[in-house]
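Chains as they are written, first to last, in the working numbering: chain S, 1 to 119; chain U, 1 to 110.
No wet-lab data here; the hints were simulated from the structure.
One should not assume that every hint holds.
Stated by the list, open to error - No more than 20 Å apart at the CA atoms, straight line, and that leaves these computed lysine-lysine pairs for PhoX-like:
no., chain 1, residue 1, chain 2, residue 2
1, S, Lys45, U, Lys46
2, U, Lys106, U, Lys39
3, U, Lys106, U, Lys46
4, U, Lys39, U, Lys54
5, U, Lys106, S, Lys45
6, U, Lys39, S, Lys45
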Amino acid sequence: QLQLQESGPGLVKPSETLSLTCFVSGGSISSPGYYWAWIRQPPGKGLEWIGSIYYDENTYYNSSLESRVTISADMSKNQFSLNLNSVTAADTAVYYCARHPQAPNFEYWGQGTLVAVSS
Amino acid sequence: QSVLTQPPSVSAAPGQRVTISCSGSSSNIGTNVVSWYQKVPGTAPKLLICENNKRPSGIPDRFSGSKSGTSATLDITGLQTGDEANYFCGTWDGSLHAHVFGPGTKVTVL
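Just chain S, same shape as in the assembly (with noise of 0.2 Å):
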């Protein structure tokens, strides 16, 4: 069974960079087909898609972070990271990790993490 963790500072402070590593247990993230993804939910809001890599290490990203975020892969490890930089309080939110084949179905997800931007 895939198993996804999201792991890092529950705490930034404004202008930092937040970054969270998602660890893969069950299944190999070089495994081709599958998108591993960084999602987003803000207190009290709906669901945002933060970006995606894919087996080869191709990215893509929401346009609307896009020239903030930065997400990366370590294959010996099977983990992906995520680094959002120069954050402000609308970056505080639950993120999750999850994968997605080519169709946008996420179909596993971690448990969340709740990051804090706060002086």
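Please arrange chain U on chain S, whose structure you already have, making use of the hints.
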């Protein structure tokens, strides 16, 4: 502001049926498949419906999805108290080049 529109809430008594709509446009629902997710506060979203009307393994047939034109619908029959949750639709938007989600619909079992 989402490019997909859902009603904020729907409610029904146990055993009854609820229908949740998801309205979009030609750049998203009109040309791409739709998925539906169940989100209980404090837990991860669960994929209920993929590719408009397919149920992943383990999802009861009380949940069904359909799509027509630029709108999609999630039906829940035989409503149970455990179905109380927020339900989101999702798809790809070709104009935004982004995966997009609806704002969510809260289902209340009376």
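Consistency of the hints with the structure:
1. S:Lys45 <-> U:Lys46: Roughly 17 Å between the alpha carbons, so the hint for S:Lys45 and U:Lys46 holds.
2. U:Lys106 <-> U:Lys39: holds (9 Å)
3. U:Lys106 <-> U:Lys46: holds (15 Å)
4. U:Lys39 <-> U:Lys54: holds (18 Å)
5. U:Lys106 <-> S:Lys45: holds (12 Å)
6. U:Lys39 <-> S:Lys45: Status holds; Cα separation ~12 Å.
In this structure, every one of the numbered hints holds.
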